[in-house]
Amino acid sequence: MHRVLLPFEFFEPTTIKEVVELVDGDKVRVLAGGVDLVLKMRRREILPEKVVSLQKVPGLDYVEGNGSAGLKFGALATLTQIEQSEVVMENCALLREAISKIVSVQTKTMGTAIGNLCVATPASDVAPPLYAMGARIKIVGVDAEREIPIEEFFVDAGKTALGPHEIVTEIVVPSLPSGSGGAFMKLSKTAEDIAKVNAAVMVTLADGRCEDARIALGSVAPTPIRAIGAETMMKGQKMDKKTIEEASASAAEAATPISDIRSTAEYRKEMVRILVKDALQEAAARAQA
Amino acid sequence: MGKEIANFIVNGNEYEVIIEPHMLLIDVLRDEMGLMGTKYACGAGDCGSCTVLIDGKPSFSCLTLAVTAKGKNILTIEGMADGTALHPIQQAFVEKGAVQCGFCTPGMVLSTKALLDENSEPTRDDVKTALAGNLCRCTGYVKIVDAVEVAAGTMREGG
Chain R
22 MHRVLLPFEF FEPTTIKEVV ELVDGDKVRV LAGGVDLVLK MRRREILPEK
72 VVSLQKVPGL DYVEGNGSAG LKFGALATLT QIEQSEVVME NCALLREAIS
122 KIVSVQTKTM GTAIGNLCVA TPASDVAPPL YAMGARIKIV GVDAEREIPI
172 EEFFVDAGKT ALGPHEIVTE IVVPSLPSGS GGAFMKLSKT AEDIAKVNAA
222 VMVTLADGRC EDARIALGSV APTPIRAIGA ETMMKGQKMD KKTIEEASAS
272 AAEAATPISD IRSTAEYRKE MVRILVKDAL QEAAARAQA
Chain Z
327 MGKEIANFIV NGNEYEVIIE PHMLLIDVLR DEMGLMGTKY ACGAGDCGSC
377 TVLIDGKPSF SCLTLAVTAK GKNILTIEGM ADGTALHPIQ QAFVEKGAVQ
427 CGFCTPGMVL STKALLDENS EPTRDDVKTA LAGNLCRCTG YVKIVDAVEV
477 AAGTMREGG
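Protein sequences appear in the order of chains R and Z.
Numbered according to the numbering used here, the first sequence spans residues 22 to 310.
Numbered according to the numbering used here, the second sequence spans residues 327 to 485.
It should be emphasised that the hints constitute simulated quantities derived from the structure, not laboratory data.
Incorrect hints may appear among the rest.
Facing chain R, according to a computed beta carbon distance under 7 Å, are these residues of chain Z, among others [to be verified]:
{"hint": "1", "residue": "343"}
{"hint": "2", "residue": "347"}
{"hint": "3", "residue": "369"}
{"hint": "4", "residue": "382"}
{"hint": "5", "residue": "383"}
{"hint": "6", "residue": "384"}
{"hint": "7", "residue": "385"}
{"hint": "8", "residue": "394"}
{"hint": "9", "residue": "465"}
The beta carbon of each residue, even a glycine, is placed where N, CA and C say it ideally should be.
Isolated chain Z (complex conformation):
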């Protein structure tokens, strides 16, 4: 299998992209689709900056061959807001000061989404466990956990 025209479903939109087997999902998202929200940092599966949800599961887009993500449901940070209205998780991150330099934020928000989709009433420990694969070099963890708790509350109330 060499060069091919592949179909991807990202944030509910269909994309048709020419890919080769050695292309990584993060590069297809950023360079081929122009979705720059997904961040590249360590490239080794340590930091979680490149996290996207593939069929709902938090995954490292920097260690995923794009060819294996064809046809799957991919969610990136660009798919969180509804038009100009922020998703409750994003809103809570803004309100609670959980964004400092912002580089880890897309990954943090998506790992949070995966958590809250499964567990609408997480404890602080649940939140820490769910975000253990996402590093914040600004060390703003306390406010990030605060934000997730606020987001969980808003979402339980149907916000």
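Only chain R is shown next, with the shape it has when bound in the complex:
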């Protein structure tokens, strides 16, 4: 860790257009909250020639309902803002639950949810709930805008689908059908640490049967992943102990974790099974409540 940053040129444009015209991969980086960027610049992991702040671009710090379409938030919406938003509490409790597991107040006051996604860490606590809710990522480039599902946004550890002259401006989270319930589980060495394993699940029930299920896992592959096999297995089944146990065992099989300082691959896989089981039970109870 270096005590000081190496010099760079700094820009504070006031429009998104100017931002995307300046941004250029690792050479010209965007600054939102800075929690990750500044840290990596100190570690000399990223050495941008220019840093472009988003902070002076007006109108990016919203968290708001999107009519019947659900919820949306902008590039400068901080984790604290989202965690405390009433709209999120009502329509997107799963996201709120996940953010509450990031315990550092300072990280949440400074850090933005979109910044967290753009870092593309497989251990993100923000990504799994958004996978489980089918969130879409709005990307703006120099000439065009596009919107992609979050699964396509995460490409590899530390790598997103963003082109060199693109930024993420908004996340759209669709509203959930009635009878839905979600749950987020995180296992970490201490509450402050990043996840060894995390899991976000969302189930939609009708008459005790599972109409839809989404299971997202973090920290067990180069990107967050969905346990598609387990999801398919659950559809149409009665939401009982057997279904939940089979689905969680299948989810563990979908995980391809590594061993590192935080955990072994074996332990992570086994914990996927446990976390998904607990999360499905909790989500089912919430869906029926």
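Knowing the structure of chain R, use the given hints to seat chain Z on it.
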């Protein structure tokens, strides 16, 4: 944007400092303004020692580019006491033995200030949640939470 003369408002006082974009807020506070109360420890956003309030919000001064804090209201530990009279939070930390080696204390006090500004009657859980981003390597957490409760009481009574 390169070298510039920037204006900062720290503890209600205006400072005019020559800065460059790569300078961190903690270094401007400590080295340019001589406000040594803000402590540098992990440099990575893990420990909270460098916490200052920027427009009332607890922030890591070691991960904040100084240039982004221009013109904002910055509160450091030096701005807590009123002359020689300690702030009720500081007084409570002293009285309850919540200061051991003291290195985490400035950050703890400022995170406490941010909490009590929003919630004058926090539960012990509220206090723990609010201080979760501040580590005490002496592990004196129980007395720190005790002190915050005492400070909250004093401040409710208008102290």
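Structure-based check of all given hints:
1. Interface hint status for residue 343 of chain Z: violated, as the beta-carbon distance to the closest one in chain R is roughly 16 Å, over 7 Å.
2. Interface hint status for residue 347 of chain Z: upheld, as the beta-carbon distance to the closest one in chain R is roughly 3 Å, under 7 Å.
3. The restraint placing residue 369 of chain Z at the interface with chain R holds, with a minimum CB-CB distance near 5 Å, inside the 7 Å limit.
4. Residue-level restraint check for residue 382 of chain Z is violated (minimum Cβ-Cβ distance to chain R is 10 Å; threshold 7 Å).
5. Residue-level restraint check for residue 383 of chain Z holds (minimum Cβ-Cβ distance to chain R is 5 Å; threshold 7 Å).
6. Interface restraint check: residue 384 of chain Z against chain R, minimum CB-CB distance 5 Å, threshold 7 Å, status holds.
7. Given hint, residue 385 of chain Z at the interface with chain R, holds; its Cβ is 5 Å from that chain's nearest Cβ, closer than 7 Å.
8. Checking residue 394 of chain Z against chain R: minimum C-beta separation of about 6 Å stays under 7 Å; hint holds.
9. Look at residue 465 of chain Z: its Cβ only gets to about 13 Å from chain R, farther than 7 Å, so that hint breaks.
Consistency with the previously given hints fails for numbers 1, 4, 9, ordered from lowest to highest.
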